[in-house]
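Q: What follows is the residue order along each chain.
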Amino acid sequence: GIQVEQSPPDLILQEGANSTLRCNFSDSVNNLQWFHQNPWGQLINLFYIPSGTKQNGRLSATTVATERYSLLYISSSQTTDSGVYFCAVKESSARQLTFGSGTQLTVLP
Amino acid sequence: KAGVTQTPRYLIKTRGQQVTLSCSPISGHRSVSWYQQTPGQGLQFLFEYFSETQRNKGNFPGRFSGRQFSNSRSEMNVSTLELGDSALYLCASSLGLLAQDTQYFGPGTRLTVL
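Chains as they are written, first to last, in our numbering: chain A, 74 to 182; chain B, 5 to 118.
No lab work stands behind these hints, which were simulated from the structure alone.
None of the hints are false.
Residues from chain B that face chain A, not an exhaustive set, calculated with beta carbons under 7 Å:
(1) F49
(2) N60
(3) Q104
(4) T106
(5) G112
Which chain A residues stay away from chain B? Per the calculated CB distances, all over 12 Å, these:
(6) N91
(7) V137
(8) S148
From the three backbone atoms N, C-alpha and C, an ideal C-beta is built for every residue, glycine too.
Input sequences plus hints: build the corresponding full structure.
A: Set out below in structure tokens:
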């Protein structure tokens with residue numbers, strides 16, 4: 074099956090800093106989603122982005138499908154951005170999401 | 005529009021018991037998927053239901069089962085609980101079966117097996 078690798082595994086920032094999270098995947102995908110898992114465990118949808126670039130406030134994402142990677146940008150980090158960020162993909166032959174292992178982001182005040 | 009809801013939110017069981025978790029999808033969504041999250045294995049796909057039929061199944065033993073009702077609500081059952089079944093169980097709903105359909109997750113049920 075498809076492999077999904079996220080980097081870095083852990084990231085500690087000061088409030089106000091910018092960050093880039095990366096997701097590499099091993100095969101073609103027709104669905105890619107970024108999630109933020111809050112401290113209570115819920116996965117919050119950030120982006121559906123199998124290709125191209127999207128922006129939502131301080132967050133933006135870019136997926137280069139031909140090179141099999143996606144980037145999540147967080148600008149002007151806030152303490153409420155802390156949590157785990159997951160990338161999840163659906164490969165062309167499957168319907169379920171395959172998740173990466175996540176990036177644990179800690180934003181310090 | 006209300007999001008995906010899951011009940012109960014927390015559950016404590018002992019080894020050998022069975023448990024049933026419930027998931028109500030977003031109104032109009034007909035596909036429901038279940039995932040298990042553990043510190044060691046991360047997020048893993050359990051199964052997917054659409055129109056009351058299991059359409060896809062992950063690599064879990066037969067102790068894990070599920071069903072979907074005509075109103076798209078879904079339940080999953082775990083029989084003969086083991087310590088390793090302690091996990092956060094997440095339910096996700098989507099409009100249908102298209103690969104491009106976005107999945108939306110509920111708050112999860114945290115199961116502890118003692």
